[in-house]
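Student: Quick note, the sequences are listed as chains A and B, same order. So for the first sequence, this note's numbering puts the first residue at 1; every next one is plus one. So for the second sequence, this note's numbering puts the first residue at 1; every next one is plus one.
If you are wondering where the hints come from, they were derived from the structure by calculation, not from laboratory data. Heads up, some of the hints might be wrong.
Unchecked claim - Stretch-level coverage of chain B by chain A, calculated; a stretch enters the list once three of its residues show a Cβ under 8 Å from a Cβ in chain A:
#1 58 to 69
#2 88 to 99
Claimed, not checked - Sample of chain A residues lacking proximity to chain B, with all beta carbon distances greater than 10 Å (derived):
#3 Ala190
#4 Asp207
#5 Ala250
#6 Arg271
#7 Asp290
#8 Ala297
Virtual Cβ for every residue (Gly too), placed ideally from N, Cα, C.
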Amino acid sequence: MSGDNRARLLALYATMCRIRAFEETALAAHRAGEIPGPLHVSIGQEAVATGVCLNLQADDRITSNHRGHGHALAKGAGVAGMMEELFGRAGGHCRGKGGSMHIADFSVGMLGANGVVAGGIPIAVGAAQGLRMLGSSAIVCCFFGDGAINRGPFLEGLNWASLYDLPVLFVCEDNGVAAFTRAESVTAGAGVLARAEALGVAGVSVDGNDAAAVDDAASRLIAEIRAGGGPRLLHATTYRLMGHTSTDPARWREAGEVEAARAHEPILRLRARLLAEGAAMKALDAIEGDAWAEMSAARSAALAAPWPDLATAWEDVQDIGAAQEAV
Amino acid sequence: MADVTLIEAVRLAALQEMRRDPRVWVLGEDVARGGLFGQYGGFVEEFGPQRVVSTPISESTIMGAGLGAALVGTRPIIEMRIFDFVMCAMDELVNQIAKIRYMFGGQAKPAVVVRMPHGIWRNSAAQHSQTLESWFTHIPGVVVAVPATPADAAGLLVSAIRSDDPVLFFDPKNLFPRRGALADIIAPLPFGQARKIRDGKDLTIVSWSAAVPIVEEAVETLAARGISADAMDLRTLWPWDEDAVCASAARTGRLLVVHEAVTTGGFGGEVVARVVERLGPGALRRVARLGQPRVPVPFAPPLEDALKPDAAKVVAAAESLLRD
Ligand SMILES: Cc1ncc(C[n+]2csc(CCOP(=O)(O)OP(=O)(O)O)c2C)c(N)n1
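The task is simple: from the sequences and hints, build the whole structure.
Tutor: Pasting the structure below:
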């Protein structure tokens with residue numbers, strides 16, 4: 001089993017540390033007024049993106065949602081371009097025109113975060129259909145939250161993928177909340193797996209705070225998809241340690257709830273396991289330290305990076321009939 | 001050269017392009033049965049079910065999957081069946097397709113054609129008759145095509161399929177039986193060039209899509225009454241031929257815009273505003289717009305007929321513009 005392998009656990013640990021350090025650094029920069037706009041962080045949920053993406057290849061594609069920094073990093077998106085994008089700078093992956101909610105890095109198969117809940121689902125199934133048409137053996141992995149399963153594109157997209165046997169891994173990142181509302185209070189029936197199974201999409205549930213378990217489950221499902229088995233769904237339960245956005249204190253949560261959840265957060269858990277299995281504390285500290293150093297260097301670089309030229313505001317609208325007005 | 005109906009012309013145009021480029025494919029409800037209007041007749045037999053994909057009734061995913069497939073390098077023709085159903089896919093069209101190139105800093109160009117047969121046709125009532133093309137001109141990132149003749153529809157469809165920009169192609173339902181000459185090899189027709197319907201000096205008449213045959217009839221009646229109209233078919237609304245309209249309006253000083261859409265908020269208002277901005281407020285002596293009143297399209301034939309623009313209304317509007 002892949003999860004038994006020490007090197008693999010260390011790889012999971014390193015990626016999770018990088019995601020955590022990226023988002024903590026971005027939060028600090030946001031508080032300092034360096035990053036404008038809304039910021040949705042996935043602190044506490046890093047194991048899902050990490051465990052899934054470790055099983056993807058370079059030419060596999062992913063689609064993501066509004067809470068997508070982890071997905072992008074785990075798929076290999078460049079950190080400098082991501083941080084600059086958050087800062088709105090010219091060197092961002094989207095040249096400063098997308099920001100946190102629209103990070104994309106097509107060079108590593110990251111087809112975009114999405115500001116619309118469930119917006120990535122139709123895009124993912126179409127990408128899989130297009131890849132098959134072009135003779136590619138790549139697969140597509142589609143990340144969305146528990147809130148997305150109450151939107152129509154979830155039903156349409158899973159039916160579609162099932163109907164055409166498309167190579168898609170749907171990943172429902174179930175943190176139990178949608179913005180300020182507990183998901184269970186707005187979701188009828190037996191949950192996402194039952195809905196998927198009703199549409200002919202087999203799936204499994206996994207403890208989404210256990211990176212090795214996510215890795216194992218994803219590797220099995222992805223092997224089935226690569227073998228031509230059609231779409232699969234991974235339901236990963238996790239916990240959002242922060243508010244909905246960087247400015248949301250989420251005070252509606254019960255006293256002690258977040259503190260209790262911290263004991264189960266994925267980085268500490270994997271660290272405890274690695275230590276118990278004989279990994280050196282110094283080695284783990286070094287991985288963590290490197291991640292923080294990388295992200296803090298990216299923050300300084302982004303802060304010093306140039307803003308986009310005003311002329312770029314007019315670029316990349318369309319080729320035919322592009323607006324001509326002078327600023 | 002062949003003499004063909006408009007619906008056959010667009011069938012031939014898509015057929016030519018699918019033969020030319022294996023990355024072009026079509027998805028939508030019933031397209032493997034030839035499509036609702038026969039515009040894909042014979043396609044599945046020639047290209048197979050992978051490139052002619054009959055889909056579930058899932059407009060969001062028809063639109064969104066078309067986009068996803070474009071992002072990995074195919075060139076989909078997204079068929080909406082009837083324009084009005086695009087309302088079920090507006091997120092995918094407006095928030096995703098129209099935004100993705102800009103929002104992602106040019107990393108991807110969504111090379112899709114969205115076909116939306118629109119307009120009043122065979123008493124189909126309020127949910128199957130709308131002409132809301134002006135909405136889409138308001139959205140940066142898309143091209144808007146509204147052809148009215150077989151040759152124009154075919155040429156613009158070829159351009160649309162070859163374009164890297166998303167093109168919203170409004171097939172004119174009521175004009176599908178219209179006949180006209182079509183070249184054996186259909187050349188791409190550039191977007192943004194108006195077609196002259198008739199040269200004249202007394203007033204300028206601008207129209208597109210289903211309003212074009214009405215204007216064609218009206219200008220003959222006007223000519224018989226000694227009024228010479230300079231009439232044109234815009235063919236595309238974004239980009240649109242501002243130069244041609246302004247040049248004509250500057251000469252005649254009288255401008256009438258005729259469209260099937262509701263007058264209020266219709267693209268006629270944009271045409272008039274642009275002409276006034278460019279020529280100055282004193283350049284035009286009279287201006288008018290002729291479209292539907294601001295009511296949904298009614299079912300009963302006498303009601304539907306009474307509300308839609310026709311040649312007699314165009315003639316009356318033109319004559320009133322000349323009376324000052
Ligand atoms: C279609 C749509 N409706 C509402 C919103 C506003 N919104 C943004 S995130 C969010 C909650 C989403 O919950 P979930 O999908 O579970 O993801 P999570 O935020 O928990 O990661 C909402 C309501 C939106 N972006 N898109």
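Student: Please go over all the hints and tell whether each is borne out by the structure.
Tutor: Comparing the hints with the structure gives:
1. Only when three residues or more bring their CB closer than 8 Å to a CB of chain A does the claim for the stretch 58 to 69 of chain B stand; here the count is 10, and the claim holds.
2. Interface restraint, the stretch 88 to 99 of chain B with chain A: holds (4 residues with C-beta to C-beta distance below 8 Å; minimum three).
3. For Ala190 (chain A), the non-interface assignment is confirmed: its Cβ lies about 23 Å from the closest Cβ of chain B, beyond the 10 Å cut-off.
4. Here Asp207 (chain A) stays apart from chain B, with its beta-carbon at least about 30 Å from theirs, past the 10 Å limit.
5. The beta carbon of Ala250 (chain A) is kept farther than 10 Å from every beta carbon of chain B, the shortest such distance being approximately 27 Å.
6. Even its closest Cβ contact with chain B, about 35 Å, leaves Arg271 (chain A) beyond 10 Å, as expected for a residue assigned away from the interface.
7. The claim that Asp290 (chain A) is not at the interface with chain B holds, since no C-beta of that chain comes within 10 Å of its own (minimum 29 Å).
8. Listed as a non-interface residue, Ala297 (chain A) keeps its Cβ farther than 10 Å from every Cβ of chain B; the least gap is roughly 23 Å.
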